[in-house]
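**Student:** The listed protein sequences correspond, in order, to chains A and B. Our numbering numbers the first residue of the first sequence as 1 and each following residue consecutively. Our numbering numbers the first residue of the second sequence as 1 and each following residue consecutively.
FYI, nobody ran anything at the bench for these hints, they're computed from the structure. Watch out, some of these pointers could steer you wrong.
The calculated lysine to any residue pairs, modelled on SDA-like cross-linking and capped at a C-alpha distance of 20 Å, are [what the hints assert, rightly or not]:
(1) K126/B with Y188/A
(2) K602/A with R252/B
(3) K602/A with Q289/B
(4) K602/B with K632/A
(5) K291/A with M1/B
(6) K602/B with K602/A
(7) K632/A with R250/B
Restraint-style ranges between C-beta atoms, simulated for each label pair [unchecked claim]:
(8) E95/B with D714/A: 52 to 62 Å
(9) D609/A with D640/B: 48 to 58 Å
(10) D609/A with K26/B: 21 to 31 Å
(11) P108/B with Y279/A: 39 to 49 Å
(12) E95/B with E522/A: 54 to 64 Å
Quick reminder that beta carbons are idealized off the backbone N, C-alpha and C, glycines included.
Protein chains: 2
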Amino acid sequence: MSRTKGGFTLPGEAGYELLTLRMAEKWGADVIRDSDGTVLSDEITQAGYGIYSTICIIRDHNAWAKAHPGRLQQTFLSAGPVTAEGEELAIPVMEQFFAQQFAVNDTPDAMRYWQVWDRTEGTIVKTVETCTHTDAEASKTDQSAGASSPCWSYDPEKQTVIIKHAKPFHRYSVSFLAWQMWEQISMYNHVTNDWGDREHLMPVDPVYPDVQEYLLGWLEDWCKTHPATTVVRFTSLFYNFTWMWGSDARNRNLFTDWGSYDFSVSPLMLDNFAKEYGYALTAEDFINQGKFQVTHMPPTARKRDYMKFVAAFVADLGKRMVDLVHRYGKKAYVFYDDSWIGVEPYGPDFARIGFDGMIKCVFSGYEVRLCSGVNTPTHEIRLHPYLFPVGLGGAPTFMEGGDPTRDAREYWMRVRRALLRVPMQRIGLGGYLHLTEDFPDFQDYIETISDEFRELEALHESGKPESTGIRVGVLHSWGSLRPWTLSGHFHETYMHELIHVIESLAGLPVETGFLSFADVAEGALEHYDVIINAGRAGDAWSGGDVWKDPELTVRISEWVHRGGTFIGIGQPSAAEGTDTYYRLANILGVDEDTGARVCHGKWTFETEDPEGLVPEGCCLPVRGGRFLTDGKAQVLLSHDGCPDLTRYCFGEGRSFYLSGYSYSPENTRLLLNLITAGAGKKAEELPYIAKNPNVDCAYFPESRTLIAVNLREDAQETEITLPGGEHLSVSVPAGGQCILHEI
Amino acid sequence: MSRTKGGFTLPGEAGYELLTLRMAEKWGADVIRDSDGTVLSDEITQAGYGIYSTICIIRDHNAWAKAHPGRLQQTFLSAGPVTAEGEELAIPVMEQFFAQQFAVNDTPDAMRYWQVWDRTEGTIVKTVETCTHTDAEASKTDQSAGASSPCWSYDPEKQTVIIKHAKPFHRYSVSFLAWQMWEQISMYNHVTNDWGDREHLMPVDPVYPDVQEYLLGWLEDWCKTHPATTVVRFTSLFYNFTWMWGSDARNRNLFTDWGSYDFSVSPLMLDNFAKEYGYALTAEDFINQGKFQVTHMPPTARKRDYMKFVAAFVADLGKRMVDLVHRYGKKAYVFYDDSWIGVEPYGPDFARIGFDGMIKCVFSGYEVRLCSGVNTPTHEIRLHPYLFPVGLGGAPTFMEGGDPTRDAREYWMRVRRALLRVPMQRIGLGGYLHLTEDFPDFQDYIETISDEFRELEALHESGKPESTGIRVGVLHSWGSLRPWTLSGHFHETYMHELIHVIESLAGLPVETGFLSFADVAEGALEHYDVIINAGRAGDAWSGGDVWKDPELTVRISEWVHRGGTFIGIGQPSAAEGTDTYYRLANILGVDEDTGARVCHGKWTFETEDPEGLVPEGCCLPVRGGRFLTDGKAQVLLSHDGCPDLTRYCFGEGRSFYLSGYSYSPENTRLLLNLITAGAGKKAEELPYIAKNPNVDCAYFPESRTLIAVNLREDAQETEITLPGGEHLSVSVPAGGQCILHEI
């Protein structure tokens, strides 16, 4: 039985009333919720707990949708490219796509937005109508006009685009609009849990006024008929993250992106956009040569406009729904994980929606920070594993071969260190509660977590924890619009080193902010002591072509010269076109050879770490091709004569270059050592930082309490520096935490 | 004592007459030569052997050079970039450079060509003179003109460029002309062999008419005074490969490139160029942002023009020298390794110089092919190791710790397989003969080599060897101008996978040609059955931006469709800007993700090799990020779910993609299997190809002789397919060769 109570949301399950109430008691729950696939019985809703009801507002209206054709959500899809082997080419547009998810929208209204591309040339193919007209014009002026130019028509029977006068061996693709016939979260849950012939839920599109009217009416009815519900938990609002499935089981997942706006498009949305912004978007603004507008790549100005437009629309309608919920005396929380397009929680429109709470499912520490920083009264994290038979990538969880306790412990140990830094009002779980019956050790471990969580939160209630006060700015394309995330969970973004950096920062006693390149132009560097740029050349995290603007490098160089610390990781500031590949090579003292310097000699160097900045056990991913620009960088780590970690002094400041980064307690300590280098200190010399990098600490001055958490599965001993310089010896149990009072 | 005689050039050494004549006998030499650092005594020159005399025509004229200032060779150098920390910046131009190699040329004639660059902006900084003028103009029209623009002046006392009104935190560099005070081969040999206070040889520049006159006079005198010489061996003609040394011992080798034309520039050469081509080259055409015009990168049109111009000049003067040598009854050979700028042996100007022979020093098989294909009556390869105490990278050779026999065997085994394919008239050695005295096993092994060589050449005298007849074209930026090489020796270019491919091709029974992208536009594909494109994105071997021309991909696609075989290795046809990174992804069935497809799903596949195309022991370098475009490629090799070797069928043809390639007998056999795939056969099913990839064969139909050479250090057994289909069993001794008559 948990020692403390409250701040815990339990997934209840009709048919398992006894279990539900027993676990509520055991875990100290104060709230019970339903989940996708479960319902709550009266016995549960009337047991004296707060009740969350999950609503995904745009789905589960199949009858209405069928009675009102043309009201489903849509997306652009790209068929092909197909290489023309002669002068006529047929492209069946749906061939590549999962027929249960998509259906062609070939209404005249949609066909206005279709495009056929010659991808070999990068030109748009004309329609037969335009072609005929143009050819007639051409033949008036030039009898010897020669071969006809390519033109396309559409055969609705065969759902096929026919290109006539194709250029042989050019590659053609078709950008077209498709209806979404199956809402993708429902589709995923259905397929994952073998829901058989359960109906496929369709997503309706609230861009249409009649859909808005219908949904508001439906919501009002729902509120009336659910008096026990205290919190309406919106799974989030109207448009899902993008997830396109393919027709072939060997390539089912065609494209997925948490931050891509593809699934919000429709002729009406695009027409409305054109009216407000004074220019029209085209299919290519979404299709982007078949690459789509990936969150991991720098956004175009047009994508930014479209995001703003959708956010304003979502906020307007969202506010009407939240107001309605409030009128029924209920609170409205938003679950931020699935369909968050237009619900950017750090965007300028979010606050006016009026949500009372933000719920975020978390695997990692950075997700705690993402949730905690949102401007709502209540913040809740939903822990993993989800109570489903299978988890990530189809791995067994609550079934034979699974070890949900191991999973829960692993995630909690990542999550908890971030809870040292920021308050969090609530935790919870989701899924089928009955699955825990065969895993009593899991039930016990959740009790441990819930007690540890409440202990920790009690500290935050007394006041803020101490911080080094060092202001760290993470510089990337999205800046403060999308802090504390890249796009989705750690296991989805692990290949980007920035997520490792952010995960490290999530538990560090520094003041972390996120800034965009545009912010730099507006003087934002002044608010930071340390700037981190970490990414792959050309991506949204390194920055891409924005580095071709001299003002950016000049501002950062000047800022370092006046004492700033710049940390570049991977391919920071990389952009082709000038003498160096890294545009900040002059302050990094390191550059990368992209091929043109293969005959250039390289500076030799000694590898040394006289100040012991590199902790034992630190291990960075290494890459080739890096070299010293002028031989003056100090090399702290290297492999095969190639520098991996360097320090370069520039004016009053300094920069560090890391060829790669991955999250680990030791690497996190390295990062902290680099961050504190501007103060001329190793991190462990600062107050309330453990000498042992496997232990994270927070000191709460108001309550004179120090908490130390163990990042490892075995017990850890450590010394912790106190402000006077004396040291405290602390033992932290395996995977556990330790609270010291009267410090 | 060698069993056969002739075709062998021995380096003699005055003071070691007995040794010289003994080794001449042992190795079957018919010619004795001198080397850099050795001379021949009368006793040697009058012993009845042919005599080669080595002449590097542009050096060893120090007295004349000192009496005639301003006649040394020059180059552009780039000082900096240096970041301006304020509004005034001083750049001492020689600081980075080896003062014994270079001296500033700050004569008014040279200063015309100097440039100062703002590398941050990519703009040229004006000189003080231009600036003052412009500022005065500006102030006439606009009183509030604001800050002055940057301008530079030069302080000859301090050899320093001063930039006033610099833009703070911009990076500036100075492109300037420098005299070459020490000819770099002489410098290298001097430093490598500790020649102490021996005079530093200066290179004079024959662009000046008085230098031409002097050198022709000197050569005539030389011919008169060296009656014993039968062959004048030019080391090569007038301009050296580029080798810039730095001031700091930690970075002595700043830049080296066998095919770069930097060391041929001078104000006069540039002025002459401008007169003939109607436009002027600038410092930036050579400096190229400090990257120089690396042979491994695609050449600009201006570089091609300059190469043509220099080649014509070198050929005109070279012909005068060769004619002079001929007038004295001597032959003129050219040594192709050091100073070959303007002496492109496959260039259009080479033949008219009139050389009687081409000598090439070789470590590898491809260098044999390079030498053999040149249009001269005689071809000679100089084997390695060079008779110096130290060899490659300073490793011990003819000294304690060295094993010259091992080295000689390793090189010979690489070289010999190419000698199966093409005739070669002569072999030889170079350096200090006396160093071999302590290495009798080396003396014995050279005897073995010389006999094996003469055996092999006797076969070629009977007629050409059989070939599969398959026509293989290597497609890169240089095409047939620079076949059978990238830029220098294997150990200098091993990081480019194309050299591994070329090394494999050097010994294969196929008809190999080299074609440029321009050749494709002119229909050259018709001459080939197989095309290979192997390189890194953007480099001269993959091709870079040339792939943005749709005509190129269309022609190749069409050619494959009609039955061609395309082999793409590494990043073939790679160029950013369209939907695929490899512009031939449509015929490869494979593409590479450069970041924009990180959220795209990938086709799963089975890895299989049903036809056994991949020999046992085959091992390719592997790379990440490759994926199947449409799932139709057959994957023959893979790692971690990433395809490494694939086959894709397109029309009547097919393509293969290899993520990497390295030379080995097994990988060579894989390559041959891919080349013969168009014939629907594995290589070992074709006549005169050994089943065992460690054995290479050639069959000479005129003499009905088959030779098998062993590529390994242990004895090999193999079956060899004969035209009727029967098999021959052959044993080849360790590292040796085996000749079978009456086949």
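**Student:** Does each hint fit the structure? Answer for all of them.
**Tutor:** Here is how each hint holds up against the structure:
With a C-alpha separation of about 64 Å, the suggested pairing of K126/B with Y188/A is violated against the 20 Å cut-off. As the CA atoms of K602/A and R252/B are separated by approximately 9 Å, the hinted pair is consistent with the 20 Å bound. The straight-line distance between the Cα atoms of K602/A and Q289/B is roughly 17 Å, inside the 20 Å bound, and the hint therefore holds. Annotation: proposed proximity of K602/B to K632/A is violated, straight-line Cα distance about 43 Å (limit 20 Å).
Using a Cα cut-off of 20 Å, the hinted pair K291/A and M1/B is violated, with the two alpha carbons roughly 70 Å apart. A C-alpha spacing of about 38 Å is found between K602/B and K602/A, which places the hinted pair above 20 Å, so the restraint is violated. Between K632/A and R250/B the alpha-carbon distance is near 11 Å, which keeps this suggested pair within the 20 Å criterion. Checked against the hint of 52 to 62 Å, the pair E95/B and D714/A passes, with Cβ atoms roughly 55 Å apart.
Checked against the given bound of 48 to 58 Å, the beta carbons of D609/A and D640/B, roughly 33 Å apart, lie outside it. For the pair D609/A and K26/B, the supplied restraint of 21 to 31 Å is violated, since their beta-carbon distance comes to about 57 Å. Restraint check, P108/B to Y279/A: a C-beta distance of roughly 56 Å breaks the suggested window 39 to 49 Å. At about 38 Å, the CB distance of E95/B to E522/A disagrees with the hint of 54 to 64 Å.
Taken one by one, the earlier hints fail for this structure at numbers 1, 4, 5, 6, 9, 10, 11, 12, listed in ascending order.
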